[in-house]
Amino acid sequence: MMLKKLLVSAVLAAAALSALAEDRPPPLPVEPTGIIETLPERYPPDWFLVHDVAFFHMSDGKIYVIDSSEETLGDQVKGLFNNSLMGAILQVPSRGEIMSVETFHTRGTRGDRIDVLTIWDTVTLSPVGEVMLPSGKRFMGMPERVVLQTLNEDKWLAIFNLSPSTSVSLVDLEKRELMGEIPTPGCSFIYPNGGMAFSSICADGRMLTVTLNDDGSERGRSFSDVFFDSDDSPVFERPALSGGIAYFPAFDATVHPVAMTGSAATPMAPWSLVGPDEATWAPAGIEIDGEDDLGRIYFLMNPEANGVDGMHNSGGAEIWVFDPDSRRRVLRIPLQEWGLSFAVGRGEEPKVLVTNPVDMSVELYDGLSGEFIRKITGFGQETPLFLWGAK
Amino acid sequence: MMSLIDKLLERRARAAAQTASRRGMLKTLGGVLVGASTVPLLPVARAEGGAARPVEEGSDTDCDYWRYCAIDGFLCSCCGGSANTCPPGTEMSPVTWIGTCHNPADGRNYVISYNDCCGKSTCGACLCQRDEGDRPPYRPDKTNDINWCLGTASAAYHCSTAVVVGVAFEE
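Listed in order, the protein sequences are those of chains A and B. So for the first sequence, the numbering used here puts the first residue at 1; every next one is plus one. So for the second sequence, the numbering used here puts the first residue at 1; every next one is plus one.
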């Protein structure tokens with residue numbers, strides 16, 4: 001009797017399972033393992049590089065590749081690469097590479113110091129080369145756009161050194177080897193000035209321009225006239241760049257255009273970013289300016305910083321957009337909360353990505369209308385202090 | 001040390017947005033009020049009558065402490081060191097930048113050397129950014145935007161001190 005009951009139960013169970021199986025979709029195919037994603041050779045206009053400097057653990061800096069046009073996190077995050085100890089990066093689309101200057105110690109925070117240029121492939125986000133740099137020289141500080149610069153049709157990379165003596169190291173990117181070092185005493189950073197020259201900004205209020213020979217040695221150097229006072233009317237070292245002119249904003253909201261045409265840098269007549277009823281406004285923040293493919297220049301503006309000592313790094317409430325030729329403001333972008341850094345994307349409809357220091361998110365704005373588009377956060381960022389429009 | 005800090009935090013960002021006018025007023029008063037808040041007095045702050053002794057007021061773990069007028073970094077006083085000493089096992093940078101701060105307790109201006117302590121990862125406590133008199137890195141003598149762990153065995157930044165190195169010249 002017991003056996004009969006068991007047999008009946010088994011038959012019924014098998015029938016039920018069979019019926020259930022017929023109602024389900026076919027099973028998933030077996031998937032291969034080991035597949036690694038890649039990225040396009042040229043990043044789309046709305047992609048950005050978000051440099052998280054990891055301010056609370058600086059040897060773990062990261063640069064996230066973010067597609068700002070997407071709405072969900074899974075579609076926004078395209079990948080990342082590392083950058084150790086407050087380094088500097090520069091994407092060079094003609095080479096399909098991203099230059100990354102960084103520093104390591106052989107025992108983490110101790111041991112032998114290694115300063116190195118790491119070359120990342122933009123498609124695979126993998127390191128494809130490196131060049132050892134002179135130890136203890138490379139600029140180490142808050143990220144800047146003017147620490148790395150390519151020269152000679154992207155065949156050379158210029159690297160700014162501050163130890164605190166100042167100089168520029170040249171790297172041959174074809175051979176991936178160090179070429180030499182050009183001293184720039186009293187002058188700092190690297191501003192593009194034609195393919196075979198670079199300019200630097202000097203503590204005495206002048207611009208230095210160094211021209212180069214075909215082998216990278218110095219051909220000559222010249223200084224501009226004094227155009228600012230680094231004690232009483234300092235300019236930020238971070239200009240907006242448009243049409244061969246570097247627009248250096250000053251602490252007092254004056255803009256000093258400097259022509260960079262391949263010869264000596266030439267300061268031009270300054271003009272003001274603020275109107276008569278805006279005297280308290282001034283640029284402030286970390287990454288305080290930018291430019292777009294339409295020829296417009298952007299500045300991060302603080303409503304209370306003008307004339308207030310110590311406010312120049314504190315960020316701003318709006319981004320102001322100017323036509324540099326007419327010197328007219330063409331757009332005000334009121335930020336949702338506050339901005340500390342920003343970058344402008346490419347194309348005819350540029351987007352603006354802003355670091356919001358209140359919650360350490362990044363926020364996207366329309367560069368034509370000024371409208372807020374979306375907040376991008378939760379992608380692992382901690383201190384995303386510097387942004388780049390991807391190329 | 002590096003530029004950024006406080007305003008990276010919500011407290012600072014909101015303060016910058018909402019209390020800038022108050023900061024401006026303090027500056028207008030020449031910094032006289034800086035550091036004269038409710039913080040307790042240091043042991044050296046009140047001389048015992050009689051022979052005059054140097055005085056300073058405030059807590060060296062407070063960002064408003066008078067010496068920190070131009071600082072940007074983690075306060076070594078919160079990391080096992082003090083306003084003028086590094087925490088154990090770190091190395092003080094031999095080169096650095098200077099600021100000038102007003103000591104409200106004696107009415108003098110002092111030259112302050114902001115030597116970084118190096119060789120360990122960031123302390124992480126008492127982040128403080130004041131930036132008064134700070135200039136971009138093309139003025140290395142007056143900038144806090146760079147890592148001043150220069151000339152040290154390790155480039156790892158840990159915290160910042162504020163060492164009195166002299167009385168400033170009267171203007």
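These are computed hints drawn from the structure, not numbers from a lab. No residue lacks a Cβ here, since even glycine has one placed at the ideal position from N, Cα and C. One or more of the hints may lead you astray.
Claimed, not checked - No more than 16 Å apart at the CA atoms, straight line, and that leaves these computed lysine to aspartate or glutamate pairs for EDC-like:
no. : chain 1 : residue 1 : chain 2 : residue 2
1   : A       : Lys78     : A       : Asp67
2   : A       : Lys391    : A       : Asp172
3   : A       : Lys62     : A       : Glu382
4   : B       : Lys142    : A       : Asp67
5   : A       : Lys78     : A       : Glu41
6   : B       : Lys142    : A       : Asp231
7   : A       : Lys391    : A       : Glu41
8   : B       : Lys142    : A       : Asp204
9   : A       : Lys155    : A       : Asp172
10  : A       : Lys375    : A       : Glu71
11  : B       : Lys142    : A       : Asp229
12  : A       : Lys391    : A       : Glu337
13  : B       : Lys142    : A       : Asp232
Said to hold, decoys possible - Okay, the calculated beta carbon distance ranges per label pair:
no. : chain 1 : residue 1 : chain 2 : residue 2 : range
14  : B       : Gly124    : A       : Thr38     : 33 to 39 Å
15  : A       : Gly262    : B       : Gly151    : 51 to 57 Å
16  : B       : Val95     : A       : Asp60     : 23 to 29 Å
17  : A       : Pro303    : B       : Asp141    : 47 to 53 Å
Against the structure, the hints:
For the hint linking Lys78/A to Asp67/A, the alpha-carbon distance of about 7 Å falls within 16 Å, and the restraint holds. A hinted pair counts as satisfied when its Cα atoms are at most 16 Å apart, and Lys391/A with Asp172/A does not qualify at roughly 22 Å. Straight-line distance between C-alpha atoms of Lys62/A and Glu382/A comes to about 10 Å, which keeps the hinted pair within the 16 Å bound. Simply put, Lys142/B and Asp67/A have alpha-carbon atoms about 39 Å apart, too far for the 16 Å limit, and the pair is violated.
About 13 Å separates the Cα atoms of Lys78/A and Glu41/A, which keeps this hinted pair within 16 Å; it holds. With a CA separation close to 9 Å, the supplied pair Lys142/B and Asp231/A stays within the 16 Å bound. The suggested pairing of Lys391/A with Glu41/A holds, with an alpha-carbon distance near 9 Å, which does not exceed 16 Å. A C-alpha spacing of about 13 Å is found between Lys142/B and Asp204/A, which places the hinted pair at or below 16 Å, so the restraint holds.
At most 16 Å may separate the alpha-carbon atoms for a hinted pair to count; Lys155/A and Asp172/A meet this at roughly 6 Å. A threshold of 16 Å between alpha carbons decides the hint, and for Lys375/A with Glu71/A the separation of about 9 Å falls inside it, so the pair holds. A C-alpha spacing of about 14 Å is found between Lys142/B and Asp229/A, which places the hinted pair at or below 16 Å, so the restraint holds. Taken as a hint, the Lys391/A and Glu337/A pair is broken in the structure, with Cα atoms around 28 Å apart against an allowance of 16 Å.
Restraint check: the Cα-Cα separation between Lys142/B and Asp232/A comes to about 13 Å, which is no more than 16 Å; the hinted pair holds. Here the CB-CB span from Gly124/B to Thr38/A is close to 37 Å, well matched to the stated 33 to 39 Å. Remark: the range hint 51 to 57 Å for Gly262/A to Gly151/B is contradicted by a beta-carbon distance near 37 Å. The hinted window of 23 to 29 Å between Val95/B and Asp60/A holds, with their beta carbons roughly 26 Å apart.
For the pair Pro303/A and Asp141/B, the beta carbons lie near 31 Å from each other, so the given range of 47 to 53 Å is not met.
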